[in-house]
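J.: Spelled out, the chains give:
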Amino acid sequence: MNSVTTLKRKPVDLEHATPIVEFRDVSIRFDDNQVLKNITFRVMRGETRIILGPAGVGKSVLMKLANGLMMPDSGDILVFAKSLSAMTEAEMYEMRAHVGMVFQESALFDSLDVEDNVAYRLNEEHVDPTETHDRVVEVLQFVELEKAIDKFPSELSGGMRRRVSIARAIINKPDLILYDSPTGGLDPITSTTIVELVVKQRDVTHTTSLLITHRLQDAFTLATHRYDPATGHMAKIPDNGIDDSTKFLVLHEGKVVFDGTTDELVHSEDPWLREYIS
Amino acid sequence: MNFFSPEAYAKRTVASVQEYSLLSGRAVANIFSGKRYAADIWTQMDSIGVGSLPIVILTGFFTGCVLALQAAVSLKEFGAVGMTGRLVALSMVKELGPVLTGLMVSGRNASGMASEIGSMKVSEQIDAMRALGTDPIRKLVTPRLVATVVMLFFLTIISDACGTAGGALVSVVLLRLNGSTFFHTAYMSLQHGDIVGGLVKPIFSGFIIATIGCFYGMTTKGGTQGVGRATTQAVVVSSVLIILCDFLVTQLMIGIFGR
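Here the protein sequences come in this chain order: A and B. When we follow my numbering, the leftmost residue of the first sequence carries the number 21, and every step to the right adds one. When we follow my numbering, the leftmost residue of the second sequence carries the number 7, and every step to the right adds one.
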């Protein structure tokens, strides 16, 4: 990834203390169902924020709100220190050029092959075809899927589709990556492969990211492992160490019930939280 | 048990009309500004125009055949069988060509657009497109709109020609009429207003087919069942609107050209 050639897009230039994502008292409802209630949290630069919570609590909605794919009923969302509600449609698309998103069901374009799926953003930006191809090969190597470059999504397994989706999200070196249940519906071994990719992406590029998961095991693997460039695999942090950049946000009944570090989560006294993580 | 609420239904309908108007407005505005997807327009022209050619030719041809047969029976009573060509040409160019072509293309393409875009919607591909910085209206709706309007115009001309040819064939082969007389009366009966009226209608029909098909696709909810529902609704609504629009345009043309 370090040898990736230059992009037209310039990285977002923000002061280090400025949050990359900030939710301020955000609420949204669908018909009579109040999905998110007064959600407030911040994600700082370089942070990996794991979003946990029972199914149907509004985690995917929160992720779509963070990318401006949905707008809240009340409250404000700031991405790269700019309010989404104050953005025009054109500004929104400009903002999304700095954000990579991995969807729950991969959401690959089924009429395009893997190369065109991964290269989609670069093709839209009319990047030189040779450079685009080189970059596609590079990111596919990163997700260890370069042999599938000419396959169509229907020919791929669930895990492979998820890896292509990750490659598509990171091809233009985004400043923020949103992972919507990247391990959802996968078997444990494939899930671990995907988690390893997330760890690798986190530790190699230090990109700010939000990650939804239902699997506590995946969440704690992320918090307790790091990428080892020597072996090319993730390894447990020695002495029961915890990755400082990985933090948690737990949702319950549409509200934030926990916002803090791995250590704080493990030692929380909240009865519901203790039961949830046990 | 949930009872039908007229208020909720009215609100839903108004919201849908508003949403449809916004989508149509943005699709049209995209033609004149910003990034254009020329390759997608060509692909859609091929799919909608060339792909619809067989059904349009067959429909037009056999409609002309039936018109000639029916007209000859009625005109015979008045000793005016020689006017068959006039009746076939006027009917095809003014009414049946545009309407039947619109309905056939609607059945084939409004459903195709609704199901294709609807499938993309339920599998989050539309959201993925937006997340990747592409405006789905610009990328998916505008090319279909441009392609449908342009190609329906030419398909209608082909349908008119095939219908007239079908009528001529039946007149000559089955009714033993003079082919030259058929074409002469057909040609002499057509006036400027008839041609203009017949060629304005496909522009409106094309707009209806593309925008309705894409609207139902973009608002699909509820998985594969929702895709099926969107497809059916797109065909039903676009067909009804084509006939309604035909009536209004005919009224307008009579007001302008007096026939």
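Keep in mind that a hint or two might mislead.
[Claimed, not checked] Quick partial rundown of chain B residues pointing at chain A, CB under 8 Å, derived from the structure:
| hint | residue |
| --- | --- |
| 1 | ASP133 |
| 2 | ASP252 |
| 3 | LEU254 |
| 4 | GLN257 |
[As the list claims (entries may be wrong)] In silico SDA-like cross-links for lysine to any residue, where the CA-CA straight-line distance does not exceed 20 Å:
| hint | chain 1 | residue 1 | chain 2 | residue 2 |
| --- | --- | --- | --- | --- |
| 5 | B | LYS227 | A | VAL81 |
| 6 | A | LYS57 | A | HIS272 |
| 7 | B | LYS145 | A | LYS57 |
| 8 | A | LYS267 | A | ALA250 |
| 9 | B | LYS145 | A | LEU142 |
| 10 | B | LYS41 | A | TYR113 |
| 11 | B | LYS227 | A | ASP207 |
| 12 | A | LYS275 | A | LEU236 |
| 13 | B | LYS145 | A | ALA117 |
[Unchecked claim] If you anchor each label on the Cβ, the simulated ranges turn out as follows:
| hint | chain 1 | residue 1 | chain 2 | residue 2 | range |
| --- | --- | --- | --- | --- | --- |
| 14 | A | ALA110 | B | THR19 | 41 to 47 Å |
| 15 | B | ILE37 | A | ASP248 | 34 to 40 Å |
| 16 | B | GLN24 | A | ASP170 | 17 to 23 Å |
| 17 | B | GLY40 | A | ASP264 | 56 to 62 Å |
| 18 | B | ALA21 | A | ARG62 | 51 to 57 Å |
| 19 | B | GLN257 | A | GLU144 | 56 to 62 Å |
| 20 | B | LEU59 | A | ASP130 | 56 to 62 Å |
| 21 | A | ALA101 | B | ILE262 | 44 to 50 Å |
| 22 | B | PHE68 | A | ASN53 | 32 to 38 Å |
| 23 | A | GLU109 | B | VAL242 | 29 to 35 Å |
Note that these hints are calculated values from the structure, not bench results. Model, not experiment: these values are computed from the prediction. We treat Cβ as the ideally placed atom computed from N, Cα and C, and that holds for glycine.
J.: A separate judgement is required for each hint: does it hold in the structure or not?
T.: Consistency of the hints with the structure:
Taking 8 Å as the C-beta contact cut-off toward chain A, the hint placing B:ASP133 at the interface holds, the least distance being around 5 Å. Look at B:ASP252: its Cβ only gets to about 34 Å from chain A, farther than 8 Å, so that hint breaks. Annotation: B:LEU254 was flagged as interfacial toward chain A, and the flag is violated, the nearest CB pair being 33 Å apart, outside 8 Å. Taken as an interface hint, B:GLN257 does not check out: its beta carbon lies about 38 Å from the nearest beta carbon of chain A, beyond 8 Å.
With a C-alpha separation of about 16 Å, the suggested pair B:LYS227 and A:VAL81 falls inside the 20 Å cut-off, and the hint holds. Of the supplied pair hints, the one linking A:LYS57 and A:HIS272 holds, its CA atoms being roughly 10 Å apart against a limit of 20 Å. For a cut-off of 20 Å, the pair hint linking B:LYS145 to A:LYS57 is broken: about 35 Å separates their Cα positions. For the suggested pair A:LYS267 and A:ALA250, the alpha carbons sit about 26 Å apart, so the restraint of at most 20 Å is broken.
Taking the CA atoms of B:LYS145 and A:LEU142, the gap is about 15 Å. The hint holds against a cut of 20 Å. As the CA atoms of B:LYS41 and A:TYR113 are separated by approximately 13 Å, the hinted pair is consistent with the 20 Å bound. About 28 Å separates the Cα atoms of B:LYS227 and A:ASP207, which puts this hinted pair outside 20 Å; it is violated. Under the criterion of a C-alpha separation no larger than 20 Å, the hint pairing A:LYS275 with A:LEU236 is consistent with the structure, at around 19 Å.
Of the pairs offered as hints, the one joining B:LYS145 and A:ALA117 holds, with about 16 Å between alpha carbons and a cut-off of 20 Å not exceeded. For the pair A:ALA110 and B:THR19, the supplied restraint of 41 to 47 Å is violated, since their beta-carbon distance comes to about 31 Å. Checked against the given bound of 34 to 40 Å, the beta carbons of B:ILE37 and A:ASP248, roughly 54 Å apart, lie outside it. Our hint of 17 to 23 Å for B:GLN24 and A:ASP170 is violated, since their Cβ atoms are close to 44 Å apart.
In this structure, B:GLY40 and A:ASP264 break the distance hint of 56 to 62 Å, their C-beta atoms being roughly 44 Å apart. Between B:ALA21 and A:ARG62 the Cβ separation comes to about 35 Å, which falls outside the hinted range of 51 to 57 Å. Remark: the range hint 56 to 62 Å for B:GLN257 to A:GLU144 is contradicted by a beta-carbon distance near 45 Å. A hinted range of 56 to 62 Å is violated for the C-beta pair B:LEU59 and A:ASP130, which are about 27 Å apart.
Distance hint for A:ALA101 and B:ILE262: a CB-CB separation of about 58 Å, inconsistent with the stated range 44 to 50 Å. Between B:PHE68 and A:ASN53 the beta carbons are some 53 Å apart, a value that contradicts the proposed interval 32 to 38 Å. The hint said 29 to 35 Å for the Cβ distance between A:GLU109 and B:VAL242, and at roughly 31 Å that hint holds.
Checked against the numbered hints above, the structure violates hints 2, 3, 4, 7, 8, 11, 14, 15, 16, 17, 18, 19, 20, 21 and 22; every other hint is satisfied.
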